[in-house]
Amino acid sequence: MSNRADIRREAEAVLERFRAAGAELVDPDILQPAATLLDLYGEDIRARAYVTQDPVRGELMLRPDFTVPVVQAHMANGAEPARYTYIGEVFRRQEAGSGRASEYIQVGFELFDGRDPVAADAEVFALFAGILAPMGLRPAIGDIGVLRAAVDALTTSERRKDALRRHLWRPRRFRALLERFGGRTPPPPTRARLVEAARSRPAAELVAEAGPLVGLRTAEEIAERVEALVADADEPPVAGPEIEAIEALMTIRAKAPAGLGRLRDVAVDLPGIAPAVDRFERRLEALAARGIDAEALEFEASYGRTTLEYYDGFVFGFYAGDRPDLPPVASGGRYDALTRVLGAGRAIPAVGGIVRPELLHLLGGLPR
Amino acid sequence: MTLKLGVPSKGRLMDKTFDWFGARGVALRRTGTEREYAAAAEGADNLEVVLLSANEIPRELAAGRIHLGVTGTDLVREKIPLWSTRIADVAPLGFGHADLVIAVPRAWVDVDTLDDLDAVAAAFRRRHGFRLRIATKYHRLVREFLRAEGVADYQLIDSQGATEGTVKNLTAEAIADITSTGETIRANHLKVLSDGLILKSEATLFAAKDAQWDARRLRAMEALCARLDVERPSGLRP
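Taken in order, these protein sequences are the chains called A and B.
The opening position of the first sequence corresponds to residue 1 in my numbering, with each subsequent residue numbered one higher.
The opening position of the second sequence corresponds to residue 1001 in my numbering, with each subsequent residue numbered one higher.
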């Protein structure tokens, strides 16, 4: 590609700004162990990353992003608070015909600081906004923490909440579960029959009757789930107003102040989300304190839900307003859940983001 | 200046393909010795028959090395990215019916739908420390289906044959495979999920949009389609 050098220059200009903001440069390997990424992201990553085979190290992936190796490096030997930056190629298999590059440069910034998450969110966003200001991009923000808080606040069993939390990033299944738990869609007839049968007979008997048990999943595991299904059938549906509140929440799309108002409306029916809404408000204040025109920010409550299972709090993106065909020029967010998985229970609050310099270049570049 | 028609090189698929063309006045037959992969067509001008492994026909169509080919819908959709932009359906042939389905052990009385499978996958991962394994050779189709349905916490394990046996052999917890009668699935103590139908497949005559279609070949194609009493597909690029 003839403009590679130009794109590299855009990336280095951004990198300089990240370093000036106090970030230490890290340089992770291109080949990453596939097992970690697969465990984290699931089968979808296989469709999106290049997988290759090493006779000794086993299955490896060409890094689809920097976040995982940076988090791992920080966990191995970092002290908090820490700021990191990185620059280099990432590799993504693209949908055939999408026309998107499968190899491109990312430059990123990650902040590990658990003392004041809202302030850390604002620091990262303001840094990106400052660098990108000359480009006239349209910023969008979201907060998956509010949606998570809404699930936590439902008056229902932990089992149902777990199921919903697990599918925050899969809107279609999330909605189907919500409809089921709200009693709007009846359980499938086979489930109803199973529950009926399990009321009068032990689950182990039903399993034995169905046929020889093959595979790793034990009769005990099956019986456990049958009991859970019976318990679920006996549980009352989630109340209509609570379901409607979550639905209303998911559709909020407004300027930040109006969005905040609508979040407050939702909190009337789901009082449990009030702390998350307060946090959202404090974040807007922290952004304003850093010189961001928070009133002009576009807020989408469902923003960031269809990315890889990844962000679980504040999320943001910067878009070229007149080029809706392009991916965001920059995007990022908070990913505490990811550090919890990578740290085997030890969570490190983390927020960060990346810039795609080839889009900066395409849109005319940063002023020199 | 001929049209190349790729036909499965052996077995029932070949015989039935010959029958289908024969019933429409185009006699395909093998030539040479019994073991030689050669065939000819009578009753259609400028038609060259190429005997190929059914597995390779999608690739040859995608590359435009053959103009027409007979293979299963399942293989075309699995093996050719953006298949509909590169391949045209000419006619379903009415045989080789098979469904790509997801099946789990019959003793899983608590599992009947994808919703169940998803819930079990989550519990399985907590209990066993790894993702529930689904054995298949249809990676693309299965992954796209499960993603669209929002099923998580599974992994695909490659299985190129005897897939129904993987569960008993403890190398998978569930399978996604092609079945026509379901007999092999039942014999291996498995059952199909009620909403686990990924694709209905059938032997089909396909045309390669990117093969060389000059005026003469397009005329030959026109004549062949008239003979076979099927509509000429659109999108063949000269």
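Keep in mind that the hints were calculated from the coordinates and are not lab data.
Here the structure is a predicted model, which is why all the values come from computation and not from measurement.
Hints should not be assumed to be uniformly reliable.
[Stated by the list, open to error] The calculated EDC-like cross-link candidates involving lysine to aspartate or glutamate, where the alpha carbons are at most 20 Å apart (straight line), are:
(1) Lys255(A) - Glu281(A)
(2) Lys1137(B) - Glu43(A)
(3) Lys1209(B) - Glu1222(B)
(4) Lys161(A) - Asp1153(B)
(5) Lys1004(B) - Glu1060(B)
(6) Lys1137(B) - Glu24(A)
(7) Lys1016(B) - Glu1042(B)
(8) Lys1079(B) - Asp44(A)
(9) Lys1168(B) - Glu209(A)
(10) Lys1010(B) - Glu1034(B)
(11) Lys1079(B) - Glu43(A)
(12) Lys255(A) - Glu285(A)
(13) Lys1200(B) - Glu1042(B)
(14) Lys1168(B) - Glu59(A)
(15) Lys1010(B) - Glu1036(B)
(16) Lys1137(B) - Glu281(A)
(17) Lys1168(B) - Glu221(A)
(18) Lys1168(B) - Glu1144(B)
(19) Lys1079(B) - Glu95(A)
(20) Lys1010(B) - Glu1048(B)
These are the hints, each one checked on the structure:
Restraint check for Lys255(A) and Glu281(A): satisfied, since their Cα atoms lie roughly 13 Å apart, inside the 20 Å limit. Using a Cα cut-off of 20 Å, the hinted pair Lys1137(B) and Glu43(A) holds, with the two alpha carbons roughly 15 Å apart. A hinted pair counts as satisfied when its Cα atoms are at most 20 Å apart, and Lys1209(B) with Glu1222(B) qualifies at roughly 15 Å. For the hint pairing Lys161(A) with Asp1153(B), the CA-to-CA distance comes to about 17 Å; that is within 20 Å, so the pair holds.
The straight-line distance between the Cα atoms of Lys1004(B) and Glu1060(B) is roughly 11 Å, inside the 20 Å bound, and the hint therefore holds. For the given pair, Lys1137(B) sits about 45 Å from Glu24(A) by alpha-carbon distance, which is inconsistent with the 20 Å threshold. Simply put, Lys1016(B) and Glu1042(B) have alpha-carbon atoms about 17 Å apart, close enough for the 20 Å limit, and the pair holds. Simply put, Lys1079(B) and Asp44(A) have alpha-carbon atoms about 18 Å apart, close enough for the 20 Å limit, and the pair holds.
At roughly 18 Å between alpha-carbon atoms, Lys1168(B) and Glu209(A) fall within 20 Å of each other, so this suggested pair holds. For the suggested pair Lys1010(B) and Glu1034(B), the alpha carbons sit about 11 Å apart, so the restraint of at most 20 Å is met. Our distance criterion of 20 Å between C-alpha atoms is met by Lys1079(B) and Glu43(A), whose separation comes to about 18 Å. Restraint check for Lys255(A) and Glu285(A): satisfied, since their Cα atoms lie roughly 14 Å apart, inside the 20 Å limit.
Of the supplied pair hints, the one linking Lys1200(B) and Glu1042(B) is violated, its CA atoms being roughly 32 Å apart against a limit of 20 Å. Between the alpha carbons of Lys1168(B) and Glu59(A) the distance comes to roughly 26 Å, so the proposed pair goes past 20 Å and is violated. For a cut-off of 20 Å, the pair hint linking Lys1010(B) to Glu1036(B) stands: about 11 Å separates their Cα positions. With a C-alpha separation of about 50 Å, the suggested pair Lys1137(B) and Glu281(A) falls outside the 20 Å cut-off, and the hint is violated.
The hinted pair formed by Lys1168(B) and Glu221(A) meets the criterion: a straight-line CA distance of about 17 Å does not exceed 20 Å. Between Lys1168(B) and Glu1144(B), the direct Cα distance comes to roughly 26 Å. Violation of the 20 Å bound is thereby established for this hinted pair. For the proposed pair Lys1079(B) and Glu95(A), the alpha carbon gap of about 14 Å is at most 20 Å, so the pair holds. About 17 Å separates the Cα atoms of Lys1010(B) and Glu1048(B), which keeps this hinted pair within 20 Å; it holds.
In terms of the numbered hints stated before, the structure departs from hints 6, 13, 14, 16, 18, listed from lowest to highest.
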